[in-house]
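Chemist: Letter by letter, the chains look like this.
Protein chains: 2
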Amino acid sequence: MSENNSNKHVIEGNLLSPLPVILVGANVNGKPNYLVIGYSCPFDFGKYIFFSLYPKRYTAIGIHENMTFSVNIPSEDLVEKTNICGSKSGRDIDKSSLFDNFYGELKTAPMIRECPVNIECKVHEILDYGDGEGIIGKVIKSYVDQQYTSKVEGKVILDWRKIHPIIWTTGGDFNYYKLGERIIVKDN
Amino acid sequence: MSENNSNKHVIEGNLLSPLPVILVGANVNGKPNYLVIGYSCPFDFGKYIFFSLYPKRYTAIGIHENMTFSVNIPSEDLVEKTNICGSKSGRDIDKSSLFDNFYGELKTAPMIRECPVNIECKVHEILDYGDGEGIIGKVIKSYVDQQYTSKVEGKVILDWRKIHPIIWTTGGDFNYYKLGERIIVKDN
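Line by line, the protein sequences give chains S and F.
Residues 218 to 405 (the numbering used here) are what the first sequence spells out, left to right.
Residues 218 to 405 (the numbering used here) are what the second sequence spells out, left to right.
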């Protein structure tokens with residue numbers, strides 16, 4: 218074991234990625250609004266979802282008001298609309314007209330029909346970190362279009378090769394990427 | 218807007234992905250140990266890292282004891298060793314011998330020289346969710362090998378096309394994937 222770090226360079230910034238691109242939905246002033254979230258992950262074996270939210274965002278108003286939100290996973294073919302949701306505020310444009318919206322059990326968490334995967338969440342806890350809130354939602358119900366699933370040993374599973382999700386990277390390389398091929402792991 | 222969800226099927230499970238595969242390091246009983254973590258994301262513009270930890274894990278002992286940990290991002294060529302870290306416990310094998318370990322500023326957060334990106338963190342908050350703890354670490358210092366960077370407009374940035382990170386998926390499709398090609402976004 219070498220204790221020095223001579224071949225390593227200290228670098229500033231936010232380096233953890235690649236991360237899933239999701240659209241978080243909430244009703245704001247009675248209308249569906251969607252925001253691109255770059256920092257999210259499931260939590261406690263998928264029972265919860267954690268994401269980081271800048272509290273001045275328009276969508277944050279609806280999340281705080283209704284204490285519900287949705288997570289929608291867009292396909293590559295939605296990248297332009299996703300980009301609009303990430304670059305324009307709901308204060309300036311009506312994002313409800315971008316998609317075919319639907320509601321599930323919670324009634325106040327609008328979801329995007331065009332997205333392969335939709336997850337309804339109830340806000341469970343909000344962590345106050347000043348510049349960025351940590352929102353923890355309890356997963357209530359999830360939806361998927363059958364065309365994105367496969368049957369493996371009799372069980373219906375998501376097939377991410379069919380979903381074509383959008384991935385993004387940090388550390389200065391702020392680009393959208395495709396999901397690549399499966400890696401075959403050789404057992405040792 | 219259609220209010221029904223007729224083409225959508227309710228599905229059980231943990232559907233949010235793709236997610237980065239990281240190796241979280243901690244000193245346990247005086248030796249570096251590494252654990253594969255599948256649920257993690259940066260937080261508050263990258264100042265913090267959130268990850269979900271099953272508290273019975275061997276690595277959890279070291280995180281609680283030292284209140285420090287590291288995040289190491291492995292390349293595809295480390296997939297077999299990553300798999301060992303994910304399938305064997307530090308109670309049974311000595312994982313410190315798998316890698317060339319090094320330490321940074323915190324002195325108690327072991328890092329893996331072979332991983333392109335290493336991030337030292339101090340534990341800031343531990344959320345108790347029963348089956349799965351939420352660990353929030355404050356990022357102290359980050360390291361990268363120069364070969365994984367590019368210069369863009371005079372600024373050194375991570376180039377994820379050089380890093381070849383490992384990505385994994387949930388929802389029953391528990392596979393490792395490569396990062397795919399960049400998606401070119403057409404401005405509307």
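Don't take each hint at face value.
Which copy is meant is left open, because identical chains are indistinguishable; a pair holds if it fits in one copy or across any two.
As the list claims (entries may be wrong) - Taking lysine to aspartate or glutamate and the EDC-like style, the derived pairs with C-alpha atoms no more than 16 Å apart in a straight line are: (1) 273 x 350; (2) 379 x 348; (3) 368 x 345; (4) 403 x 293.
Keep in mind that the hints were calculated from the coordinates and are not lab data.
Chemist: Give a verdict on every hint.
Modeler: Cross-check of the supplied hints:
Taking identical chains as interchangeable, the C-alpha atoms of residue 273 and residue 350 lie at most 16 Å apart only when both belong to the same chain, with a minimum of 10 Å there against 28 Å between chains. Within a single copy, residue 379 and residue 348 get their C-alpha atoms no closer than 37 Å, and across copies no closer than 32 Å, so neither meets the 16 Å cut-off. In the homo-oligomer, the alpha carbons of residue 368 and residue 345 never lie at most 16 Å apart, since the shortest distance is 42 Å inside one protomer and 35 Å across protomers. Proximity of residue 403 to residue 293 under the C-alpha cut-off of 16 Å is restricted to the inter-copy arrangement: shortest distance 12 Å between copies versus 30 Å within a copy.
Against the hints set out earlier in the document, violations occur for numbers 2, 3.
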